[in-house]
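There are 2 protein chains.
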Amino acid sequence: MTIAEQFRITKEFQVKDANAKKKPLGTAGDDKDGGKAADKLATLKLAEEISDLQNVLYAGHERKLLIILQGMDTSGKDGTVKGVFGQINPLGARTVAFKAPSNDEKNHDYLWRIHKEVPGKGEVTIFNRSHYEDVLITRVHEWIDQAECKRRYAQIRDFERMLAETGTVILKFFLHISKAEQKARLEERLADPEKHWKFDTQDLVERKYWDAYQEAYEEALLATDADHAPWYAVPSDSKTQRNLVIASIVQEKLLSLKLKYPPGNPEYSKLKVE
Amino acid sequence: MTIAEQFRITKEFQVKDANAKKKPLGTAGDDKDGGKAADKLATLKLAEEISDLQNVLYAGHERKLLIILQGMDTSGKDGTVKGVFGQINPLGARTVAFKAPSNDEKNHDYLWRIHKEVPGKGEVTIFNRSHYEDVLITRVHEWIDQAECKRRYAQIRDFERMLAETGTVILKFFLHISKAEQKARLEERLADPEKHWKFDTQDLVERKYWDAYQEAYEEALLATDADHAPWYAVPSDSKTQRNLVIASIVQEKLLSLKLKYPPGNPEYSKLKVE
Chain A
1 MTIAEQFRIT
11 KEFQVKDANA
21 KKKPLGTAGD
31 DKDGGKAADK
41 LATLKLAEEI
51 SDLQNVLYAG
61 HERKLLIILQ
71 GMDTSGKDGT
81 VKGVFGQINP
91 LGARTVAFKA
101 PSNDEKNHDY
111 LWRIHKEVPG
121 KGEVTIFNRS
131 HYEDVLITRV
141 HEWIDQAECK
151 RRYAQIRDFE
161 RMLAETGTVI
171 LKFFLHISKA
181 EQKARLEERL
191 ADPEKHWKFD
201 TQDLVERKYW
211 DAYQEAYEEA
221 LLATDADHAP
231 WYAVPSDSKT
241 QRNLVIASIV
251 QEKLLSLKLK
261 YPPGNPEYSK
271 LKVE
Chain B
1 MTIAEQFRIT
11 KEFQVKDANA
21 KKKPLGTAGD
31 DKDGGKAADK
41 LATLKLAEEI
51 SDLQNVLYAG
61 HERKLLIILQ
71 GMDTSGKDGT
81 VKGVFGQINP
91 LGARTVAFKA
101 PSNDEKNHDY
111 LWRIHKEVPG
121 KGEVTIFNRS
131 HYEDVLITRV
141 HEWIDQAECK
151 RRYAQIRDFE
161 RMLAETGTVI
171 LKFFLHISKA
181 EQKARLEERL
191 ADPEKHWKFD
201 TQDLVERKYW
211 DAYQEAYEEA
221 LLATDADHAP
231 WYAVPSDSKT
241 QRNLVIASIV
251 QEKLLSLKLK
261 YPPGNPEYSK
271 LKVE
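For the record, the sequence lines run as chains A and B.
With the first letter of the first sequence counted as 1, position 50 gets the number 50 in full-length UniProt numbering; the numbers rise by one all the way through.
With the first letter of the second sequence counted as 1, position 25 gets the number 25 in full-length UniProt numbering; the numbers rise by one all the way through.
No lab work stands behind these hints: they were computed from the structure.
Backbone N, C-alpha and C fix where the C-beta goes; we use that ideal spot for every residue, glycine too.
It is possible that some hints are incorrect.
Unchecked claim - Output of the computed footprint for chain A on chain B, the stretches with three or more beta carbons under 8 Å from beta carbons of chain A:
#1 80-89
#2 196-210
Claimed, not checked - Residues from chain A that keep clear of chain B, each with C-beta distances beyond 10 Å, as calculated:
#3 L41
#4 W197
#5 A212
#6 Q214
#7 Q251
#8 V273
Chain A extracted, bound-state conformation (with noise of 0.2 Å):
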């Protein structure tokens, strides 16, 4: 079974505080910091390799590559983008995080701003939050109401099909954190003056939905999981372990792609540089 397969949503997937605090890829059990250390360690490694992948489809212009990230406020979508793609080279790849939506993104369908940040031809892109807000918070909040939401589920299945039928390969990742560690670590930014600027008051008004928003990653997930669009569920509780897990998930995705630098051009060899 790959990383991967141990991974991806099923049919009968469900959004369980226990399932997030699960050390899936446990490393040697005799670590004194309960493998922390092991976990950086490997996860670095794959992350230098992930960087040299990145340098061929660079090259290869060819194949794009959409990773997108989504999970409750501190799930730790930025530490991802730091752990994870911290290492490649920032020629090629891009990272869009995207917020409330601005007045001239209101003017249009919700998903005008995410087609206009999609990768191009040899390009990584990471997605911090997606159009996947637009059938979570606004589901939430009765913002929209179900057959709405029913009717977005299935343009997002048709706009990421359309995606992979030409040519790109994506992959979304729910960051799943029980509630008791979210109360950490909102209580950690709150104690530190430091962190202040990371947080909003918002993020304790969302809080208090946290049950409907279990409701609505469960059922947007299984409505828009696809072999060519899969979802996977990282326990997340554990910074080192998620990082980990989806490190391995996007290297293994990249081997399989067998992506070979373009053919060296046989007239090249003749010519001279004066």
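Please build the complex by placing chain B on the supplied structure of chain A, with the hints as guidance.
Same frame as chain A, now just chain B:
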């Protein structure tokens, strides 16, 4: 004398091969590899510091940093991005490579596509080539005449002053290689089929205009150097010294900004996470 002062161009600035070959930040002379390993280690340390400083810049959401990289083909613009900015968090940092303008871009003034990509608050943006191509390649091939070129120098000065006045720190690097070094690097690319994708026969055409380019660079840099948008001439025949010089100047500049995390919100200490 700061490192920045050491490399800032003066009124006597000349583009001469001899200047490209210097190893001005030479490390311990007893290194058997010409100091390469020591250069790399020092650069990595600086790159990590730059990454930490960028995090504070991002948190502060106030200052903007624009890095412009210019230089002849093979001068190492991509290598600089990877070596100096490879440790930076992709969140809040972006590289933009400007190629030959598209039809839509040609329908606008030459600063239009540039302005769209300048950093926002808290952002670091690295330009791999820039609006300077519009006074270099265009001048060398006489697509614009001397009067138009001078008009553009003034427009560029005005544009960059506006960016600086609205909170952008600008650092401009001329990656200076000698003609012999370019020959060696082009031959290396031609010899290795895995590097053919980086090669363009147009590179050999441009190389024939070497002297005209040197003249155009000299004039453009002198015409657009300013305290708020300084040009640094970086000897770049040595890749490791090039990265070390650029990393030093960027780190020095970021330190000088005395960036601080935004003040904590005293109200936050009263908040309870339920």
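Structure-based check of each hint:
With 7 residues having a beta carbon nearer than 8 Å to a beta carbon of chain A, the stretch 80-89 of chain B meets the requirement of three or more and the stated coverage holds. Check on the stretch 196-210 of chain B: 8 of its residues sit with their Cβ under 8 Å from a Cβ of chain A, so the three-residue criterion for coverage holds. Even its closest Cβ contact with chain B, about 17 Å, leaves L41 (chain A) beyond 10 Å, as expected for a residue assigned away from the interface. With a closest Cβ-Cβ approach of about 5 Å to chain B, W197 (chain A) is found to fall inside the 10 Å limit, against its non-interface label.
Remark: the non-interface label on A212 (chain A) is consistent with the geometry, its nearest Cβ contact in chain B lying 15 Å away (cut-off 10 Å). Separation of Q214 (chain A) from chain B is adequate, the least Cβ-Cβ distance of about 16 Å exceeding the 10 Å criterion. With a least beta-carbon separation of about 17 Å from chain B, Q251 (chain A) lies farther than 10 Å from that chain, consistent with its non-interface assignment. Against chain B, the non-interface label of V273 (chain A) is violated: not every CB pair exceeds 10 Å, the least being about 5 Å.
This entry does not satisfy hints 4, 8, going by the numbered hints stated previously.
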